[in-house]
Structure formats: C-alpha cells, structure tokens
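Go ahead and model the full structure; you've got the sequences and the hints to work with.
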Amino acid sequence: MPTLKLQFKDTIIGEYPLEPGSSLTIGRRESNNVVIDNMAVSGTHAKVDVLEDGYLITDLKSKNGTFVNDKLISSHWLEKDDVVTIGKHKLLFTLAQGEAAPQSHEANSDKTMVLDTEEYRKMLDRTAPNITAKPQGQKEPMATLSFLAGGEGEFDISKKLTKIGKDPASDIVVGGFMMGKTAATISKRPTGYYLNYVEGMAKPKVNGKAIKDSVQLKEFDSIEIGSARMEFIMKE
Amino acid sequence: MIHIDSAGISDVGKKRQGNEDAFFLDDDMSLYLVADGMGGHLAGEVASNIVVNTISKSMPTYLTPGIIEQMTDMDETLSREANSLVASIRKANMLVYQQSQEDAECRGMGSTISGIYCTDSIVIAANVGDSPIYLIRNGEIELLSVTHTVEAEQTAIDPERAKMIDPKFHHMLTRAVGIEEDVNSDVCEMQCFKGDRIVLCSDGLSNFVPPQEIADIATNNTPESACRKFVDLANDRGGDDNITAIVLHINKVVIKKNLLINFFLKLLGR
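Chains as they are written, first to last, in this note's numbering: chain A, 174 to 409; chain B, 18 to 287.
Errors might be hidden in some of the hints.
As the list claims (entries may be wrong) - In silico EDC-like pairs for lysine to aspartate or glutamate, Cα to Cα no more than 20 Å straight-line:
id, chain 1, residue 1, chain 2, residue 2
1, A, K295, B, E168
2, A, K234, B, E122
3, B, K211, A, D386
4, A, K332, B, D137
The set of hints was computed from the structure by calculation and includes no laboratory data.
Listed below in structure tokens is the structure:
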C-alpha cells in the first residue's frame, strides 16, 4: 500500500502507511496521526482520507495552507510522486514496489478554487507585498445630485435604484401636472450611474437632450426633470 | 409588469465526469438562477443544487410583506425585493457551509450564484463568484454582475500591480457561496426596457464564447435557440467545463399608467 514519508530538510523522519478505509490526520497537536512539531503548522492542519477511488488530502482551514507540488490546495487526489508541503515539512506520497498508481482524477485539474478572506490576504502578502486585498467597505466617491432649481441643497445617491417622480414615496419628489408617478430612476450599475426614463409626458433631459430610455451619467451632467434641475457630481 | 420569454440549458460538456452546474427558471416567480458548484468528489453538484433549491424556496417567504422588514440587517440602499434575494443567498450560504462542515466528502465545497429577479419594470441582479450576468441592449453588451476573481478584482484596483500576481492565482475566486459563514452578494437594480436581453451563464460558456458573440446570438435568436447554440459553440471549442445558460427576452414592459396622462398621450398620438 502507499505510504506518506515525512521529510524535513533532507531526512526522512517518519513513514505512515495509508490503510484502506482509514483517515490520517496531520498537525501540530499530539492527537494527530502525523505529528509535525513546527510553528508554521496548525494544530489540526490537514487530513488524508483513504477512499474507494483514491487518496484525498484536504486542508482543514490551516493558517499557512497545504501545498501539493507547490500549488495551494483545498482538497486534492494524491497522484504518484506528489509532494505535499506543510509548513517546512514535506510529505512524499510513495507507492510500494510495483504498486499501480492511483487513477488520476480530473477534479484535480481546472478546479476552481476559492480563497477565503484570510487566504486571499496572505496570498497577496506573499506574492506582491504592496497590494492589499480590497476591503469590503472600500470608500468609493459618493454620487450626488446638486439642485440648481426646483429643490435645495444636495441629494446623495446612496441606493442602487433611486426613484424620481410625483409619487410621495419617491426618493426625489418632483411635482407637476405632466410628471409621472415615477418619472425616472437612477440606477447604480457596475459600469456606472444611469438615468432611466420611466413614464410621463415630461421626459427627462440630460444636458438639454431628452433621453429615450437610458443614458449613462458623466460628472457635471445637468439633469432636467419637470421643474427640477440638478447637476450630477462625484464627491470624494 | 414585465413580460419575459425565457429558456435555460445545462450541459456536462465534453471533458467532465459530472455536471456540477445547476439552474432554476420560473417565469411566474420571475426568478432565474445559475449556480456553478465546486469541490472534490462531485461535492460541487451538491453545493450548486442546495443553492438553487434554497433560493427558489426562500424567495416567496422573504417577499411576503412584513418578513424582510423584521430582519435587523436589511440593507437600506436596496429595495425590499433586492433584500429578499440577498437574504435568500445568505441562507443558501449557511446551508452549504453547514453541510460542508458536517460531511467529510463535502469538505470545502462551494458554489457561485448569479440570479435575476424581476418586479414591475425593475430587474434585480445579484451575484457571488464568477458566473456572469449580461445585459444586452440595442446590440451592446454590458456586465451586470461583478466578477469575484483575484485577477478581476486586483485589475480594477491597480492593473500594473495586478500583473505581478502569479497567474496560477488569477482565476481563483475571492468569494463563493458556502466557503465562509457569511457571504456578501453584489447587487444591481435597474430599469429594463422592451427589447432587452439578459443572459446568465456559468464560466463554462463565457470562457469559450466572448461577450460580443453572446450578444449577437442572444439578440438574433429565440431564447431556446440561443441556449442550444451556446452549448454547441462551447462544446465545439473544447467543452472543457460544464455549460449552463439562461436567456431572457424582455418582450413588454407595462407600467400602470395614470389615466389622465394616458388620455393626453393618446391625444398626442403616442
């Protein structure tokens, strides 16, 4: 049966057979089957399951990750001559003399991997120390409508969809006989802010031109809806 | 009210043993979902199916008046419908995460999710991961989803520095459903217009068919026909991954008009 040979620097310091139907745990704690006493190794770092269709190594959300052939893995089917790196130790997946190699699993190749937040930050620190992962609440400039007529002050566009119209429940209420209940909306899309015409006789105008359905807003565009006139600006 | 023609398709492709994608489509519910699962030992199939089943079952509950308002962390920048979709995704996340913790063979499993929900004339798009949602309007194609991969995120922050990252990390996801205890979706709410096309797909399609081609096929074919063409094209080009797509045609957008304005509009011949 195959074994895992534990190697530190150039010395093999242990050998662990992979019995059918067994599970081998690997980590710093003494309760593991394979104990690696090193600060870079988590208490319970990884495990190897001996399953019907192969030998599956799984990282157990360790701090420093588990690598197979220098590739960071979350889980991987061990193949002939694979080298597992945990901290500064290596585990060599070794077949017995004349033993057949385990079937290769296509799940090993092209597998999309997910980096959780901590792994992402660590990877960026390792690879390109000057880059920081985008924090979830990164400060973006705030899109704002500055009233030139028909209203006062400024309106920060915080919602994904802002409703403008006669309806008192609108985010920006604009009166007028020809005004639709919801005359227009401003939507925040990945590509930017868009002004959309919804209904009503009074079509919104951007820089003097009536819009047909949807128009992307650029900074300093002037918007006319009924009696209201506003300027679209980005505040830092 | 929006009238939509829709079709969906999922194909295992030519190189994979199983199909780890899942999709859900329901015109009455106005809900459309694509999920691309991942995880050793076909756990991906488990993950993606938990995701679409949970969201489709949770949406009606969250949409019931009064339910979503009771939640303490409702997002004020989103409509209640968008909040419902986000809450459903979070619930799916919790279920996938729990199962991955309890079941050894599901360890580390996860999924992307890309979803569309329509209300009145508004379309809500929400996503986690790298399955794209495209809007095609007047022949132009635009991404409504945000791509949660290392390459896409870092390129958006600083393209020069992004090039310094080892290519092996480029397509790794920075977010997925079921990997951590909670997940943040990216959401977009927008007006839709008659003639709009929306395509939700897994990257098994978008990695083989570039955006402009997707736009052309979606614009010039019925939803069913477009779906079949997408699968054939991706397979012709290698079929390396599972291929899933949903195509929506917005046929009609009916806004409850004010009677008086309606009268004037008719007078003016519009």
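#### Entry: Structure versus earlier hints, numbers of those that do not hold, lowest first
No numbers; nothing is violated.
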